[in-house]
Amino acid sequence: MNDDAINVFPADYNSSYHLVLKRGTDHYAYYYFKIDKLDQRVIFYDDVDRSGISIKTQITRTFMRSLIKAIDWHPVGNSIIVEIYNVQRETGKATRLACDI
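Read in order, the letters of the sequence shown correspond to residues 1 to 101 in full-length UniProt numbering.
Since the hints were derived computationally from the structure, they do not count as laboratory data. Quick reminder that beta carbons are idealized off the backbone N, C-alpha and C, glycines included. A couple of the hints might just be wrong.
[What the hints assert, rightly or not] Capping the alpha-carbon separation at 16 Å, the derived lysine to aspartate or glutamate pairs in EDC-like fashion look like this: (1) K37 <-> E83; (2) K93 <-> E83; (3) K37 <-> D72; (4) K34 <-> D49; (5) K93 <-> D47; (6) K34 <-> E83; (7) K69 <-> D100; (8) K34 <-> D12; (9) K56 <-> D12; (10) K34 <-> D72.
[Unchecked claim] Simulated restraints on C-beta separations: (11) A11 <-> P75: 17 to 25 Å; (12) D26 <-> P75: 20 to 28 Å; (13) D26 <-> G77: 36 to 44 Å; (14) N78 <-> G52: 26 to 34 Å; (15) F9 <-> H74: 26 to 34 Å; (16) Y28 <-> L97: 18 to 26 Å; (17) G77 <-> R50: 28 to 36 Å; (18) H18 <-> K56: 13 to 21 Å; (19) G77 <-> G52: 30 to 38 Å; (20) F63 <-> V87: 18 to 26 Å; (21) V76 <-> G52: 32 to 40 Å; (22) K93 <-> T60: 21 to 29 Å.
Between the sequences and the hints, there should be enough to build the whole structure, so can you do that?
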């Protein structure tokens, strides 16, 4: 939809953020993520129960470009690693994606 929007807010400490995605008129999805600039990595904590939408379905090149712009990050090179953890099992197995930007 044309009115989709990405809003990013600083979270607990440096390099951690809250992400709010607007979908349609009254639907919002919330995520928590961290940036590891040294390893060129974005780490999402996927809470489907809270957000209603898995972050995995959002990860596209356009989405990642918008997210990186929103946090004013300038990654080295044109590829970053995206890790997605289930928020209930933080130490569990993560989904890893290489994302070209």
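Outcome of the hint check:
At most 16 Å may separate the alpha-carbon atoms for a hinted pair to count; K37 and E83 meet this at roughly 13 Å. Among the hinted pairs, K93 with E83 is consistent with the structure: their alpha-carbon atoms are about 10 Å apart, no more than 16 Å. A threshold of 16 Å between alpha carbons decides the hint, and for K37 with D72 the separation of about 12 Å falls inside it, so the pair holds. For the hint linking K34 to D49, the alpha-carbon distance of about 20 Å lies beyond 16 Å, and the restraint is violated.
Taken as a hint, the K93 and D47 pair is honoured in the structure, with Cα atoms around 15 Å apart against an allowance of 16 Å. Straight-line distance between C-alpha atoms of K34 and E83 comes to about 10 Å, which keeps the hinted pair within the 16 Å bound. Between K69 and D100, the direct Cα distance comes to roughly 14 Å. Compliance with the 16 Å bound is thereby established for this hinted pair. In summary, the hint linking K34 to D12 is supported, as the alpha carbons are separated by about 10 Å, within the 16 Å threshold.
This hinted pair does not check out: K56 and D12 have alpha carbons roughly 23 Å apart, beyond 16 Å. In summary, the hint linking K34 to D72 is supported, as the alpha carbons are separated by about 14 Å, within the 16 Å threshold. Between A11 and P75 the CB atoms are about 20 Å apart, so this pair conforms to the stated range of 17 to 25 Å. Range check, D26 to P75: Cβ separation about 33 Å, and the 20 to 28 Å hint is violated.
In this structure the supplied range 36 to 44 Å holds for D26 paired with G77, their Cβ-Cβ distance being about 39 Å. In this structure the hint that N78 and G52 lie 26 to 34 Å apart at CB holds, the actual value being about 32 Å. Between F9 and H74, the C-beta spacing of about 20 Å breaks the proposed range 26 to 34 Å. In this structure, Y28 and L97 meet the distance hint of 18 to 26 Å, their C-beta atoms being roughly 24 Å apart.
Range check, G77 to R50: about 33 Å between beta-carbon atoms, so the 28 to 36 Å window is met. As the Cβ distance of H18 to K56 is approximately 18 Å, the hint placing it in 13 to 21 Å holds. Checked against the hint of 30 to 38 Å, the C-beta distance between G77 and G52 comes to roughly 34 Å, which is consistent with it. With their beta carbons about 19 Å apart, F63 and V87 fall inside the hinted range of 18 to 26 Å.
Checked against the given bound of 32 to 40 Å, the beta carbons of V76 and G52, roughly 34 Å apart, stay inside it. At roughly 23 Å, the beta carbons of K93 and T60 sit within the given window of 21 to 29 Å.
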